[in-house]
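Engineer: Using the sequences and the hints, build the whole thing.
Under the numbering used here, the first residue of the sequence shown carries the number 1, and numbering increases by one thereafter.
Just so you know, the hints here were simulated from the structure itself, not pulled from any lab data.
It is possible that part of the hints are untrue.
Said to hold, decoys possible - Only pairs whose alpha carbons sit at most 27 Å apart, straight line, appear in this in silico BS3-like list of lysine-lysine:
| id | residue 1 | residue 2 |
| --- | --- | --- |
| 1 | 203 | 149 |
| 2 | 362 | 85 |
| 3 | 80 | 220 |
| 4 | 248 | 329 |
| 5 | 80 | 362 |
| 6 | 295 | 364 |
| 7 | 80 | 203 |
| 8 | 327 | 338 |
| 9 | 44 | 338 |
| 10 | 149 | 80 |
What the hints assert, rightly or not - Ranges of calculated distance between the beta carbons of each label pair, as one might list FRET restraints:
| id | residue 1 | residue 2 | range |
| --- | --- | --- | --- |
| 11 | 383 | 407 | 18 to 28 Å |
| 12 | 346 | 194 | 30 to 40 Å |
| 13 | 36 | 306 | 21 to 31 Å |
| 14 | 313 | 109 | 22 to 32 Å |
Quick reminder that beta carbons are idealized off the backbone N, C-alpha and C, glycines included.
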Amino acid sequence: MKIILNKLFSSGFLKSSLIVSISKVISSLSNLVFMVYAVNIISKTENGYLQYYLGFLPVILAVAELGIPSAIVKYLSVAKSDLNKIGILMEATLLIKLISFIILLIAGIVSYFIFNMDPLIIFVLVVGGTVTSFLTYFESIIVSYRDYKNLAIWNPIGNITKLILLHICNTYSSSPLTYIDILVLFSLSPLLIIGFYFYLSRKIEFKWTGDFHEVILRIKELSFFNLWAFLASIFAILSDRMELFFLKLYHTPDAVAIYGTTLQLFSGFVILFSTLNSLILPRLSVAVNQKEFNKLLFKSMFTSLIVAIILIPGLFLAEPILTFLFKNKYSESIPVFKILYPNYLLQLLFAPLGIALFAMGKPKILAMLAFIRLLSGVILDNILIPEYNVGGAGISFFLGQIISWLVLLGYFWATIWKE
1 MKIILNKLFS SGFLKSSLIV SISKVISSLS NLVFMVYAVN IISKTENGYL QYYLGFLPVI
61 LAVAELGIPS AIVKYLSVAK SDLNKIGILM EATLLIKLIS FIILLIAGIV SYFIFNMDPL
121 IIFVLVVGGT VTSFLTYFES IIVSYRDYKN LAIWNPIGNI TKLILLHICN TYSSSPLTYI
181 DILVLFSLSP LLIIGFYFYL SRKIEFKWTG DFHEVILRIK ELSFFNLWAF LASIFAILSD
241 RMELFFLKLY HTPDAVAIYG TTLQLFSGFV ILFSTLNSLI LPRLSVAVNQ KEFNKLLFKS
301 MFTSLIVAII LIPGLFLAEP ILTFLFKNKY SESIPVFKIL YPNYLLQLLF APLGIALFAM
361 GKPKILAMLA FIRLLSGVIL DNILIPEYNV GGAGISFFLG QIISWLVLLG YFWATIWKE
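Structural biologist: Below you can see the structure in the form of structure tokens.
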């Protein structure tokens, strides 16, 4: 064990992990402070509506991305010395993003006429999701070049910006902020920082266009890969957020506020998952053989295990954390937090396996696993939420993923590790 730890701590992997992790922590804390700030200046009912509409944003973001960030890391990591291939890849991905924006516009129009949704909220969500998708788009380029110093700068700037804007608006606004005001700030603030990427990447030799015929061929290639990556992303996001929709269906906006606010406290884990993806995917994508691939994968899983063990004491901090952040306004969130925390620790442990599927070019398997989790969640939600409210939502969230984890382990054992 001592030899393994010495090798791990002397490797460039851990050094890169440290600098990226610090930036991700800053980003996560900024996002958490934003949500705590926002929750404390609006009523519980208004927060219920805020959490409900924020639940749409990850789905819209997934459509706006269409699996492009993972595809960029996979293909750009091995083509960064060929400007012609870079130009073809970039133009193809931008055209795909244009198509995704058109899809979102059509979906927004349909929502307005059929579901009578507020056009302002539709605009904010569609434009906000599209703009935010460029943050992950540019991040994937930085990750492909393993430029972890610039990645450490790029990661937190979005959340820091929206936190500053919230403070300014709350301090100088002539009237109290509403959930719509906060939704606008949360969704559209990335508009202010998109151009900063080009300053960070000014020293990189890059190309944004290529031969049109080859671009079309690349679009066809990416479309097949991205289709399954997109479906995997959509199924995963829906399964992560659908408890909010069933709570709104069966209970009051206050129940949505309690559960949604609890989920926001786990934004740090989302940052950890993103950090692992940034560090693991480009390395696995360029592994020269199966032996090196397995070695990198086991090292990644070992790192995830160590981090998960370190974070275990957080389970016992639920009550003081929630009391400190929200006084007694969200005391009902404490038992939900204790249910969800072990789930996120296990997600951290299994995350490298999901990343490995992308690196292997098998997002189809990941989509199937995400669909299993989604289907299990729908069944459990309709059984548990009507009877047990937010507690049932937490239990459903936890149990719904166990089956997909077991299938994931079985797949790697049967196809890779057994060999």
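Engineer: Does each hint fit the structure? Answer for all of them.
Structural biologist: Okay, the hints, checked on the actual structure:
1. 203 <-> 149: holds (13 Å)
2. 362 <-> 85: holds (22 Å)
3. 80 <-> 220: holds (21 Å)
4. 248 <-> 329: holds (19 Å)
5. 80 <-> 362: Holds - the C-alpha atoms of residue 362 and residue 80 are around 22 Å apart, at most 27 Å.
6. 295 <-> 364: holds (24 Å)
7. 80 <-> 203: Within the cut-off at roughly 14 Å; holds.
8. 327 <-> 338: Within the cut-off at roughly 18 Å; holds.
9. 44 <-> 338: holds (21 Å)
10. 149 <-> 80: Answer holds: residue 149 to residue 80 is near 18 Å, not above 27 Å.
11. 383 <-> 407: 18 to 28 Å: This hint holds: roughly 21 Å between Cβ atoms.
12. 346 <-> 194: 30 to 40 Å: For residue 346 and residue 194 the Cβ distance comes to about 35 Å; the hint holds.
13. 36 <-> 306: 21 to 31 Å: With Cβ atoms ~29 Å apart, the hint holds.
14. 313 <-> 109: 22 to 32 Å: Given about 49 Å between the Cβ atoms, the range is violated.
Checked against the numbered hints given earlier, this structure breaks only hint 14.
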